[in-house]
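J.: Residues per chain are reported as follows:
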Amino acid sequence: MSKNSNLSVLLNGIIKENPVLVLILGTCPTLATTGTVDGALGMGLAALAVLVCSNVFISLLRNVIPETMRIPCYIVIIAGFVTVVKMIVQAYLPDLYATLGVYLDLITVNCIILGRAEMFAGKNPVIRSALDGVGMGLGFTLSLVVMATIREVFGSGSFAGYEIPFMQEYTIAFLTKAPGGLLVYGLLIALIYVVTKGAFPKKKSFSCEGCPNASNCYTPNCAEKGVEN
Amino acid sequence: MEMFKTLIIILLSSVLVDNYVLSRFLGICPFLGVSKKLDQATGMGVAVTVVMLIATAATWPIQYYVLDALGLGYLQNIVFILIIATLVQMIELLLRRFSPALHKGLGVYLPLITTNCAVLGVTINNILDGYTFIESMVSSLGCGLGFLLAMVLFSGLRSRIDESNIPAPFRGLAVTLIAASFISLAFMGFGGIVENIFA
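First to last, the sequence lines map onto chains A and C.
Here the first sequence is numbered in the numbering used here, starting from 10 and rising by one per residue.
Here the second sequence is numbered in the numbering used here, starting from 3 and rising by one per residue.
Please note: incorrect hints may appear among the correct ones.
Straight-line alpha carbon distances no greater than 25 Å define the calculated SDA-like cross-link-like pairs of lysine to any residue that follow [stated by the list, open to error]:
| no. | chain 1 | residue 1 | chain 2 | residue 2 |
| --- | --- | --- | --- | --- |
| 1 | C | Lys-39 | C | Asp-131 |
| 2 | A | Lys-186 | C | Phe-172 |
| 3 | A | Lys-186 | C | Val-19 |
| 4 | A | Lys-206 | C | Ser-15 |
| 5 | A | Lys-186 | A | Asp-47 |
| 6 | A | Lys-186 | C | Val-177 |
| 7 | A | Lys-206 | C | Ile-163 |
| 8 | A | Lys-186 | C | Ile-11 |
| 9 | A | Lys-186 | C | Asp-131 |
| 10 | A | Lys-186 | C | Glu-165 |
| 11 | A | Lys-186 | C | Leu-175 |
| 12 | C | Lys-106 | A | Thr-77 |
| 13 | A | Lys-186 | C | Asn-167 |
| 14 | C | Lys-38 | A | Leu-196 |
| 15 | A | Lys-186 | C | Ala-188 |
| 16 | A | Lys-206 | C | Leu-175 |
| 17 | A | Lys-186 | C | Asn-198 |
| 18 | A | Lys-186 | C | Lys-106 |
| 19 | C | Lys-38 | C | Leu-151 |
| 20 | A | Lys-206 | C | Glu-165 |
| 21 | A | Lys-132 | A | Pro-81 |
A short list of chain A residues far from chain C (calculated; beta carbon distances all over 10 Å) [to be verified]:
| no. | residue |
| --- | --- |
| 22 | Leu-19 |
| 23 | Ile-23 |
| 24 | Ala-58 |
| 25 | Val-65 |
| 26 | Leu-70 |
| 27 | Pro-75 |
| 28 | Thr-108 |
| 29 | Pro-134 |
| 30 | Val-143 |
| 31 | Gly-170 |
| 32 | Glu-172 |
| 33 | Met-176 |
| 34 | Tyr-179 |
| 35 | Leu-191 |
| 36 | Tyr-194 |
Since the hints were derived computationally from the structure, they do not count as laboratory data.
Where is the CB? At the ideal position from N, CA and C, for every residue including glycine.
Only chain A is shown next, with the shape it has when bound in the complex:
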């Protein structure tokens, strides 16, 4: 598999540059929607749809959009697709719409999508951008589902709404609440560090330049770039 093959672009987002667990992008929806597996899966797939559409569209327009105006252009394109996805979800999946609520709107300001537009779609041809969108979207969905599984199984003793007989009697209720999300996320990041022996979080290939907060960001990832204000 050559380094630049289309397959590697696809896999990149799922494992090596997993947006949630390695790049640490899109933390808000990650924490907010992983209380239940259903919510996490819905959020992941909605973001996947927006990401693929916006990546394709931005890639098509990459030679037309002026360099200095690119961020507002990207945001309008993304907001447009978010509106489309929101209307589809509202019409066909009203339960999911009620669960996700305002977070569906907030896909607009999800760092992952703007980040991929800036990092990848604005510089690469359409097919590769689409594959990157699918990979990143799947990576996002996968990490959300993993987190939601931990939180739902231990927090409310069920999986995607189905009750698990034994777990039902020993639930840790706070895992499904707000603090549980932060705790599980922290533990997962520590676990990734142990499993990879620190190889991933230390890599310098973080897509911080796509993150709107990068210039003022002090997380270990962005600090490596030496950005100070």
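Add chain C to chain A, keeping to what the hints say.
T.: Chain C in isolation, oriented as in the chain A frame:
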């Protein structure tokens, strides 16, 4: 009097119970990114509060007198994000022109706020909750103050974390998230207080 009570309840619940950062998870990026030092945390908190208030003052009338009146409610998302982005740019320009000192203090945080989900979140939530204009402004003020409170509390905690000896896998983001989890746990204690405040 009844209205006053409602406003107090909205204010307290958005600062303490439904804290935007700690229980609704909006604005996590700046919360984790800019909370390392107290002065930066305060600056960011104040800037977010100001932008939230101005954004609400602009988006509420537009939603009710332009979008709803013309049957364009579905454009809410696109219109709001554009309004917020433009407002932030304008505030930055005005500050730079008329108050360089203030610009030096707050200006650096302004560009980051454009895509801060807390600001878009609060404007959309105000519409979803069906608040009146005054209620929306109070709710935005509360959310901003809640954000400021969380940032200031957390920057204090982080300066302690920086000085301690943390096991390697937890260094950096992991321990920060776990510390945030404990603060969030503490804020859960406020649940149920506000509803009964006038009982």
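J.: Taking each numbered hint in turn, which are not upheld by the structure, reported in ascending numerical order?
T.: 1, 4, 10, 13, 18, 35 and 36
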